[in-house]
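> The lines below spell out each chain.
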Amino acid sequence: MARLGTDKFVVEREKEVATRLSPGVFPTGRQSEWSAQNRTLTHSVHPLTNSVALCVAGKQPREQLKTDIRTYEQDQRIYVCGFGTTPDERLSFVNDTHAVFSAIQSIMDARETHVGVDALLRMSALYREAMLRQVRVLQDARDSEFVRSESDVFQAMHAVWHLLEIVYVTTNAGLSASVVPYYMEWLNFNFPAPAAADGERIIGSSPDSNALAQNPDVWPYVQKLALRGHVTTVANMLERIAPAQVLSAAASRWARELAQTARDMPLASSDETSGSFNARWRRWNSGLQSMATNIGSMLDKADDDALSALAMVVDVMRGDADSISRVGDTWQDVLGAVLLYSEPTAQTERLPALAQLVLEQFESDDFTLVDRTLAALVRHELPEFLVYCNQIDAWLSAHVSDLMQHIGILDSCRRVFKVEPREHYLVFLGERYLTHEGLWRVAMDYFGLCRTRVSQNIMGEYIVRMPLESDRKAQQVLRVCERYKLTEAMERVHRQLGRQKWQRGRLGAAIAHFVRVSDSSAVGQICDQLWAEYLASGQLTYGPIIDSVLATSAHDRVRFLTVYRDFHECYKGGEFKRAGKLLLSILVGEIAPSHAVPDLLVDSIPLLEGDALVFGADDTLELMRCAESVAQSLVDSDVCGVGRDELSIFNVACARNLARSYVMQ
Amino acid sequence: ELVLWTTANPDFQPTDDDKDNDDSESSSPLATLVAKVKHDGDVHDIAAPAPDIVATASSFGMISIYNIGHTDSGDSSLSLREAVTAHKFANGEPAVATSLSVQPTNSADAEIASCGEDGRIAYAPILRLDALQRHEVDSTVITGVCWPMPTQLAIATRAGQVKLFDRRAPAEVQAVFVDPSNTYEFECIAAHPSQSFRLATGTDTGAVLLWDIRNPKKPTMEAFNVHESNVWSVGFHPSDAAKIVSCSEDASLAVTQWVSDSDRQSRGVRHLSGFFNTLSVNCFDVCPFTRTSIIIAGSDSGNLLMEKTAASDFAIY
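Order-wise, the sequence lines are chains A and B. The first sequence lines up with residues -14 to 650 when you count with the numbering used here. The second sequence lines up with residues 735 to 1051 when you count with the numbering used here.
Keep in mind the hints are simulated off the structure, nothing from the lab. None of the values given here were measured: they were computed from a predicted structure. Backbone N, C-alpha and C define an ideal beta-carbon position, used for all residues, glycine too.
Not close to chain B: a few residues of chain A, all C-beta gaps over 10 Å, as computed:
#1 V10
#2 P12
#3 Q61
#4 F131
#5 E170
#6 A338
#7 S397
#8 K403
#9 A521
#10 D603
Not everything, but these chain A residues come out facing chain B in the computed CB check (under 10 Å):
#11 H83
#12 V85
#13 F86
#14 R426
#15 V427
#16 S455
#17 Q461
#18 L463
#19 E467
#20 K486
#21 G490
#22 A494
#23 Y527
#24 P529
#25 I530
#26 D532
Given only the sequences and the hints, what does the whole structure look like? Please build it.
See below:
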């Protein structure tokens, strides 16, 4: 079979998805009529989730049409369609595997290489458990097309993951571990054959060995059992068949011999050296070879169906490639038997060559997606493998590329792909998860644990578009920004929150957010708003609002409002001297906005006119200086909240106070 | 959605000294779903004023009361009895009701107090929700509310203040407590079940603060840094008030022994977390009715976490 060309897999095509709008926008088949009535569809794509909002729009505005057209109820509808969303049924799977994924990243971070492989094996087993759990849950669910396709997907993912684990992780751990027992375990778990039900049926329908021997299904069944290495069952079946009367003496005898040989098949044990195992195996194999020759010579002399079927079983078990190919249905079967019966101590390095030989015998066009994936894996063609994984499911390609990265085999793929594969697939999966509103945090973790600059940027863009429905959600978003060091995104979120609270009239909280990002113009504007409210209502109610702002904020306007509030309290409390000092400190420190200064000067009038001397000579001069600058700016512009009369009263009061102060001092 | 679950009473289970993992495979699930009902908006807080009533605070600013019904055949159901909008912003948008607390009296006319992002506290008698009163008390988000006494209410705000109110004069702040040395933001507050001068608050940096407000001018405060991230909920253990339980964004629960008691248990912290639970633990509750203490918590990973431990002070004579 020719190797797939590079151009065939580097360019991926996304599966096209189409949805029918239902109820429809126009009656079926009448699209041209509908379109002729100045109608078309317009859309808007959601920034975060893969959903699109659609509605009917006019090609031209209705007012510009020469003749008016009728409107229909369908014109008022808005449709929201989702694509590539994560279904609810997968939620527990997503959460569990997310926990395993995070654990892997933190384990590998710890950089203890000798622990690494064991830990990876455990984590890999946890992934597989999660997949199997999901399959079980789906089996319990009500049957539907969705459930069936999901079930297929998860079983496929499990088969692929299991093989990946065997080929790259399990055998990495052992010193010179053979891949064969693991391969057989994988084969028999994920592609069980022959079906136990078949065996029961055959035995059930044949009450005695005669009937059994005559049952047309029995020999193929035994051959398949042998192919899969179920040697004990083979032996049992042969012993049941052997006493049949219909069998020739030779067949009967050889059946018993074969049963015995099957039971004697050497199995590797951990405390045996490979040398002694090989020796035992060669002896066993040569026993089978001689059996085959003997049976062959008997068959030359006379035709015997049972005996030739038996010969086939012997041929399979002695590792004859042709017989194995004839008995085996799928390439996985054939590869398994080849490994088991001709190279039982084969290591992973042998797999590609053997697999190539086996795969050549099969038509690659008939392969399913799973077959292609497994074939690519077995032949160690990793870039192809990754691409096929992605076609099975986004979850698979993301986690496979992550595992490959940690084992260290992803480098060969990097030369082939234009973009970094792990990052590409993890980001893709994260975007899938974002389509479900409950999985946003999981998606953020996938982006974050990807740890590349590109994923950081993408994460920053998505996080600032998260809807901030509640205070707690906002806090969680800020925590995510903090954890993954997205300082720019954090600032943007604070600004958003500030604006949100401003609109809702929560001015104190808004100020606090803007102070965090040092947005002094926004703080200034809010303070101006507070000041304007005070002027309008005459009641100083902003006190508690200012109190709650962080005391450490050094913003001028905030300080101005705070000191002014203190001034107000002192004045109300009758502490005029202190009040005067505070007022003066505002004017001297120039922390008041220019439009507020005239009001402050007017506020000082009662203090100037009061019985006690509040302002000394210097203070009064200061006040007058301020008045001067105000008058100056009044000349320049006509805008002033305070009337000129009041200013002249102020000037008179100042003069009187000045005189008084000179007298009293 | 509001969902009712039931779990086996651990007091009546055969005592196993060794809890093997193999046993858990064959035993029944930890909790089974009993009833479900639709809820408008997200549920931000739940309280159970009576055995057959559940009150919730929603993200649309509503307080809703649900009845739990039991039929003769053993089925249970949840149904909405009344709902009222308690929290709104000045521009008309609904404000999230962040927390709820039930007045600790035995009278039939007990009240529910709820606080929200609009800086208001709302009071409503449980039996007549439409007689709701609202009072604006703070300019930032109020994150938690509790009743140290039937006539006194305490709130925790995001600006790091604990404010006390007298129910009889609800719009006036009776006292304000701040920690001047630290800029905390409080996420939750809880009152000691019997000592009304002790309050516990959880902060956004992972500390649990224990307040003693006997002297309102000089409250004392002790900080326990038990978590690494926002402490979403805090509470005194109903059977052993020397323990404070808290749950946090860092996906764990902590049980803090804040005072050494007569059983020679010294001060310390115990952490609870699960391998498959990596996301924030949002809320928890402790079952006050069984001798074995059950702590149950809910997390963002969609998990219901439970811990059932034998009571340490129960002995067989």
